[in-house]
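Asks: Numbers given in the numbering used here equal positions in the sequence shown, counted from 1, plus 17.
Keep in mind that the hints are not guaranteed to be accurate.
[Stated by the list, open to error] Within a straight-line C-alpha distance of at most 20 Å, the following computed SDA-like cross-link-like pairs (lysine to any residue) qualify: (1) K224 <-> M279; (2) K266 <-> D220; (3) K116 <-> S179; (4) K275 <-> P292; (5) K213 <-> S159.
By construction, these hints were calculated from the structure, which means they are not laboratory data.
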Amino acid sequence: MADHITKRSTILPQQLFNMEEHRTQDSSTESVPPTQVKPSPKLTKTASLLQETTSHFDRFYMINQAGQGVFAVKGVRYLPPCVLKQCSGTKIADHQSLKPARHKNIISLLEYTNIENEQYLVYEYEHVALSLGCVVGRTRFSEADIATVCREVLQGLQYIHSELKISHGSIHVSNILLTSTGEVKIANIGDSMLEKRTLRDRDQDLKAVGSMIINLHDPTTLVAEDMEDDTISESILSDCALGFIENTKENTITQLLKDDFMLLATPDEAWSLRPHYFAALPFGLRIGRRFQRGG
């Protein structure tokens, strides 16, 4: 008995569920393989550039995440939330200065977009994150808490300086966010890129960490526009903390992370800061007004 081979033709759908068809060059006789572009050797040695997204964004509420922004949902699968921050007075013309930024101590810069002829930076959304400037006025930070904040900020700066090859330039309690899980995150890294800050100013970032210690210990110092060194007295901070402040003026990040003051910090993570977040939450929680086009 002869074997019979049954031939069955399978018809594939033209469009798979949740997948879009990518059109290629039309040809009735042969398929055209995708063109592979060999990257420039010069580009492969540098960090990848920030991509412009063509996705649709549904904008809902004005929020404050270390500066005014718009809470939005990106029109792709799973609808990830994000924050759009308009580049006021700045055109994203030089894309070479923008790079993706992802680190546990930084509000991630994801991409940029053009909406109705207005340019926006797209950041990750941290639900009801509070600036340290808001938190410090509602609760008291111990030196152990302050050391924990400094360690987290220094780790973020280490990434900014070594990986992004720039300085931040705006290290201040108003630009540092505290999340509900106790994470400490540096905000607005995209502004630093657009301002083309270089590593020549990285020493100023470290000195700003020293100034932040004073702000966290004594919130009244935030009122003064300029803070002089003679405002620091041994009666308000320990010798260890005062020594660390002096070291921020001359030591590297690696040296500062090994400073004796860091021994006071919570091991590994910043979970000890969560009580401060919830103590300040009733005062920092604001329901943003609904976003209106052109308004």
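Asks: Flag every earlier hint the structure violates by its number, smallest first.
Replies: 4 and 5
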